[in-house]
Amino acid sequence: MVVQAMSEVKVQTMSEVKVQAMSPKEVVLANIRAAQGGPADQSIPRLYSASVDLSPAEVVEQFADRLYDYNATVHHCTVDAIPVTIAGILETRQKTGLLIPSGLPTDWLPAGFNFQRDEGLSYADLDASEGVLTACDVAIALTGTIVIAHSPAQGRRALTLVPDYHLCVVRLSQLVATVPEGMRRMAALLPAPLTTISGPSATSDIEMIRVKGVHGPRILEVILVE
Amino acid sequence: MYSPSPAAIHYLLVISLFITCYNDALFPQTGQAVVTVLERLGHTVEFRAAQTCCGQMHYNTGYRNDSYTLLRQFLQVFADAEVIVCPSSSCVAMMRDHYPKMADQLNDPALQSQVAAILPRIFEFSEFLTDKLGLTDVGAFYPHTVTLHSSCHGLRSLHLGSKPADLLKQVKGLTLLELPDADQCCGFGGTFAVKNPDVSAAMLSDKLQCILGTNAEACTGADNSCLMHIGGALSRQRTGVRTVHLAEILASTEKSS
Amino acid sequence: MSVRVGEAASALPFPEAAKKLVANSQLRRNVRHATNVIRSKRGRVVEEMPDWEQLRDSGKAIKDHTLAHLDQYLIQFEAACTKAGGQVHWARDADEANRIIVDLVKRYGSDEVIKVKTMTSDETRLNVALEAAGITPFETDLADLIVQLGDDKPSHIVVPALHRNRMEIREIFMGKMGLDSLGYLPEDLTAAARKYLRERFLRVKVGISGANYLIAETGSVVVVESEGNGRMCLTLPEVLISIVGVEKVIPRFEDLEVYLQLLPRSATGERMNPYNSIWTGVTPGDGPQAFHIVLLDNGRTKVLADPESRETLDCIRCGACLNACPVYRQTGGHAYGSVYAGPIGAILTPQLQSMEHSQTLPYASTLCGACYEVCPVKINIPEILIHLRTKVVDSGHAPLAERLAMKGAAFAMSKASRLSLAHAFARLGQWPFNDDGKLDNLPGLLAGWTEFRDLDAIPSQSFREWWSKR
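Residue numbers (my numbering), protein chains in the order written: chain B, 1 to 226; chain U, 1001 to 1257; chain X, 2001 to 2470.
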C-alpha cells in the first residue's frame, strides 16, 4: 500500500534519490523536522499537588488501607521485632524458609528457618521456592505502592517476580504520601532498574472480574516497621 | 395568574429569536412557544426574516466552505441584535464552539471581531431564562409526568447542567421523573443517524428503554433534533409516549391547557 | 514507504461492519458490561483526585511540548539509552520494523519469542512477519492470549478480549491448550493461562515488548501493566526487543509522575496498576543482557505535519474514550477495522494510513463529546473528527447523493426566500410517503432513518409563515 497524504506533507515532496541516500534514522528525523511545529515555547503548567496535608500517622494509615484494598496483608512492628514478626508470619503460612537477596540485613532473620541467599539460583530454583523476603526503597501511601530499585537488599528483578509469595519489609522512613514525592526519591535511584508494586499481580481481562494473582507473586505481604 | 417578578421586569429586553432552520420548517410550535413565554415575561420578541441556518450540519459533516457562507449570513442578519435567543442547544454549541474557529480558519480579522462581539449575546433558551433573566418559575402549568433528555451539546458544550430541570421543577402540576443513563447520547448526531443507521438505532433503542422505564407521559429536552429522533421511535413503536420541547411545556398555562 | 495499521486496509466500511456487530446480542452484552464496569471504577478514582484537572493540563502540555521538539528528544533518548548499553534502531514503516526484529531474533538464534501486550506490534502485524520467518510468538497478556488462541482480533486498547465471555474463553482454552476439563470461573481460566505460560516464561530467550513512555533525559523505558507477564518478558529473557512509536518519548523523569497518575485511573480505574517496570539500558547481572529498541514512524510524522490534528499523537492509550463512547459501546472494537478502536481509533487510523481505506471512520461518531470529557490528555477528538470529515469531503470521497443534498441545502439556506421555496417543495415531495402525518419508507439518504423511526410530516405552516401572519 502506498501512502497517500491527506494533506500536503513534506514527506512526499522529498526527492526519492535523496531519501534513498539517507538512513532510516535520517529520514524519520527529517520527516519530524519538516512536520513539527506548534506554539512558541510556553512553560508547562504544574499546578497539581505534589504533596498532601496529612499527618505522618494518617499517611501510614492510608498506606495500610490501600494495601488492604489490594488484598495485601499488612503487619506493623518495631525494628527489634522484625525477626519475631517474620517468624510468626512464616509459621502462620506454614513455610520452612524463604529466598533472600544477598544484601538483606542478617539481623532481620529469625532462627529456625531456612533462608537461602540468591546466589547463582536458576529460574527453576526461584520457581520451586516457597517465596522471597526483601526490603524496599520507597513506598507511596496514596497508591499503596512499593518501589524496588533492585539494590543488594532487594535483589535482581527475577527474585521478586518468579516466586509465588513476596514478603516485603517497609520502613517508615521510606514512606511518602504522594506519587510525585515518590518519584523524586525514585529519580535518585536511577539508572538502577525500578519496579513499582501495587498489590499482588491481577487481571480483569475476563468479564472485568478482578482475579488476584496471575503471573507475578500471587500473595504480597508487607511488614511496616516503625 | 402569573405576574413577572420585579427582578424580571428590570431586565425588559428586545429579544431577537433565532428559530434555526429545522425548527422553522418542522417545529413551528416550538418557536411559537418561545415567543409566548418571552412575551408573557414582558419582553419584546422580534423575528428577523432573513435568517436561515447556523451551518452546523454542513460544518459537522465536513462541508466547511458551505458553513462559512452561513456564518457570514448569520452575522449579517444578527449583527445589531441586542440579545439572541435560540431554542436549540446544538445550534448554540455550534456557534460558541466553532464560529471563533471558523473565523480563525478564514484568517479574517474583521470576522474574528464580529464573532467575538456577537457570541456573548447569544443564549440557548433555558440558559437565557435562568442565567440572563434569573428565573426558574415562568408561571407554567403542565399537569403531566415528564422525563428530561439532556442533549449532548447542551450537557458537554453549553454545560446547561441542571438548568432545564430547574425550570421544569417550577412548573405547576408537572412531575419530573429522573432518566437513567441521562448522559448517554440518543444516537442522533445529525448526519450520523443517516450514515450509520444501525448503530444509531441501537443507541436509540437503549434510550427508549430508559425513557419507557420511567413511565413518563412525555420526554422533553432543549433540542428538537434529539427529540425528533427519540420521538420517531416512540411513535414507530406505538409506545404512546410523546416528545415535547421544553419551551412548549413552559408556554403552557392553566389558561392555555 | 508503506504504512500499515493492522489489517485496516482490507477492513469493511464502519457502517457495514457495525451492522453485523449490533445484531450480535452476546457481544453487545459483553461490551456493555465491560465498559460499564471500567467507567464506574474510573469515575470513582478520578472523583477522589482534587487536582485531576491540573494533572490533565500538565499531561497535555508535556505532550504538546514534546511534539514541538520531537527530534531533539528522540536524539537525546537515543544517546542516553545507547550510553546505558541499549541499541537503538529506527524504522520508517511497519515492514522495516518487522524486518529489524525478525533479523534480531534470528541473530540471537531463537525460533520463539514471548510478547507483552504491544499495540504497536499489532499495528505492524509483527506476529505475521515472525511466523513467516519460522519464529513462534507467544502472547502473554491474558486478553492477548485469548485473542491469539482464538484466532481473533483485539477489540479494545486496554482489554482486548472484552468482547468474549467466560464460556467462550473456556472453549478456546480447552481446544488450544489441549485440556480435557476446565472450570468456567475467571479464576480457573486465569490459572490455566498461568500454567500454560509459566514454562514458556522460564524457557524462551527473547522477549518483545512495547513501551508506554521513553524518557529522553535518562534513556529509560517504562512499561505499565497488571498481570506480571510484562515483568516476566522484560526480565527473564536474555534478549529484550522493544518496539515503540516515536511519539512515546517524554522529556524528563519528573514528567512521569503526571502520567503515572493519569494513566491507571483512566485506563482501568485503579489508583495504581500492580506493576510498573522502568529500566535504563542493560543492568549487569539483572535482566536481559542485550536490549534493542525500535523507534517506529509508520505514518506518525504525517500526523505530526497537520497542525489541526497533531494532538492525536498525545494519546497515552488509556482507552477511556472507548469506554465512554456510546458508539463503541454498541459495536465493540471490531467495527473499526483497525487495532485502534473507538474514538481514538476513528481519528488515528485514517491519519496513519491512506484515507481511502478508512473514510467512514471519522463519521463513526455522534460528536457527543463524551470522549473529550474523559481524555486524560484532553485530546479534542470531536474537533479532529470534524477536521477529518472535511478532508474526506475535500478529497472527493463523500457519497454523491450526500454531496448533492448538502449543496442543495446550502443553496436553499443561503437566502431566506429560497428557504421558503424549499419548504414548499419539501411539503410537495413528501406526499407519497405521508401516512396520517407520519413519514415512513423514505427513499435515498433517509431510508436508514425511516427503517427504525417515523418522521413527522412537514407542518403545513412554517414558523416564518406563522410569524408573518401574526
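For the record, the hints were derived by calculation from the structure and aren't laboratory data.
C-beta atoms are modelled at their ideal positions from N, C-alpha and C, and glycine is treated no differently.
Incorrect hints may have been included.
[Unchecked claim] So the derived list for chain B, only partly shown, Cβ under 10 Å to chain X, looks like this:
{"#": "1", "residue": "Lys25"}
{"#": "2", "residue": "Ala34"}
{"#": "3", "residue": "Ser55"}
{"#": "4", "residue": "Ala57"}
{"#": "5", "residue": "Glu58"}
{"#": "6", "residue": "Glu61"}
{"#": "7", "residue": "Ala64"}
{"#": "8", "residue": "Val147"}
{"#": "9", "residue": "Met183"}
[Stated by the list, open to error] Pairwise CB distance ranges, derived in the manner of DEER restraints:
{"#": "10", "chain 1": "X", "residue 1": "Gly2408", "chain 2": "U", "residue 2": "Ser1162", "range": "57 to 63 Å"}
{"#": "11", "chain 1": "B", "residue 1": "Glu61", "chain 2": "X", "residue 2": "Glu2254", "range": "49 to 55 Å"}
{"#": "12", "chain 1": "X", "residue 1": "Thr2082", "chain 2": "U", "residue 2": "Gln1105", "range": "39 to 45 Å"}
{"#": "13", "chain 1": "X", "residue 1": "Thr2082", "chain 2": "B", "residue 2": "Thr92", "range": "45 to 51 Å"}
[What the hints assert, rightly or not] Only pairs whose alpha carbons sit at most 27 Å apart, straight line, appear in this in silico DSSO-like list of lysine-lysine:
{"#": "14", "chain 1": "X", "residue 1": "Lys2407", "chain 2": "B", "residue 2": "Lys212"}
{"#": "15", "chain 1": "U", "residue 1": "Lys1101", "chain 2": "X", "residue 2": "Lys2469"}
{"#": "16", "chain 1": "X", "residue 1": "Lys2415", "chain 2": "X", "residue 2": "Lys2469"}
{"#": "17", "chain 1": "B", "residue 1": "Lys25", "chain 2": "X", "residue 2": "Lys2083"}
{"#": "18", "chain 1": "B", "residue 1": "Lys95", "chain 2": "X", "residue 2": "Lys2153"}
{"#": "19", "chain 1": "X", "residue 1": "Lys2041", "chain 2": "B", "residue 2": "Lys212"}
Each hint tested on the structure:
About 4 Å separates the beta-carbon of Lys25 (chain B) from the nearest beta-carbon of chain X, less than 10 Å, and the hint is met. At its closest, the beta carbon of Ala34 (chain B) sits 7 Å from a beta carbon of chain X; the interface hint therefore holds under the 10 Å criterion. Here the hint on Ser55 (chain B) is broken, as its CB sits about 18 Å from the closest CB of chain X, past 10 Å. Given hint, Ala57 (chain B) at the interface with chain X, is violated; its Cβ is 20 Å from that chain's nearest Cβ, farther than 10 Å.
For Glu58 (chain B), the shortest C-beta to C-beta distance to chain X is roughly 15 Å, which exceeds 10 Å, and the interface hint is violated. With its C-beta approaching chain X no nearer than about 15 Å, Glu61 (chain B) sits outside the 10 Å limit, and its interface hint is violated. A least Cβ separation of about 14 Å between Ala64 (chain B) and chain X goes past the 10 Å threshold, and the interface hint is therefore violated. At about 9 Å, the closest approach between the beta carbon of Val147 (chain B) and any beta carbon in chain X falls short of 10 Å, and the interface hint on this residue holds.
Satisfaction of the interface hint for Met183 (chain B) is found here, the shortest Cβ-Cβ separation to chain X being roughly 4 Å, below the 10 Å cut-off. One distance hint, 57 to 63 Å for the beta-carbon pair Gly2408 (chain X) and Ser1162 (chain U), is violated here, with the actual separation near 40 Å. Evaluation of the 49 to 55 Å hint for Glu61 (chain B) and Glu2254 (chain X) yields a failure: the beta carbon distance comes to about 28 Å. Taken as a hint, the range 39 to 45 Å holds for the pair Thr2082 (chain X) and Gln1105 (chain U), whose Cβ atoms sit roughly 43 Å apart.
Separated by about 49 Å at the C-beta atoms, Thr2082 (chain X) and Thr92 (chain B) satisfy the suggested range of 45 to 51 Å. At most 27 Å may separate the alpha-carbon atoms for a hinted pair to count; Lys2407 (chain X) and Lys212 (chain B) exceed this at roughly 58 Å. Distance hint between Lys1101 (chain U) and Lys2469 (chain X) is unfulfilled; the C-alpha atoms sit about 38 Å from each other, more than 27 Å. Between the alpha carbons of Lys2415 (chain X) and Lys2469 (chain X) the distance comes to roughly 20 Å, so the proposed pair stays at or under 27 Å and holds.
Taking the CA atoms of Lys25 (chain B) and Lys2083 (chain X), the gap is near 18 Å; set against the 27 Å cutoff, the hint holds. At roughly 43 Å between alpha-carbon atoms, Lys95 (chain B) and Lys2153 (chain X) are farther apart than 27 Å, so this suggested pair is violated. The suggested pairing of Lys2041 (chain X) with Lys212 (chain B) holds, with an alpha-carbon distance near 17 Å, which does not exceed 27 Å.
In terms of the numbered hints stated before, the structure departs from hints 3, 4, 5, 6, 7, 10, 11, 14, 15 and 18, listed from lowest to highest.
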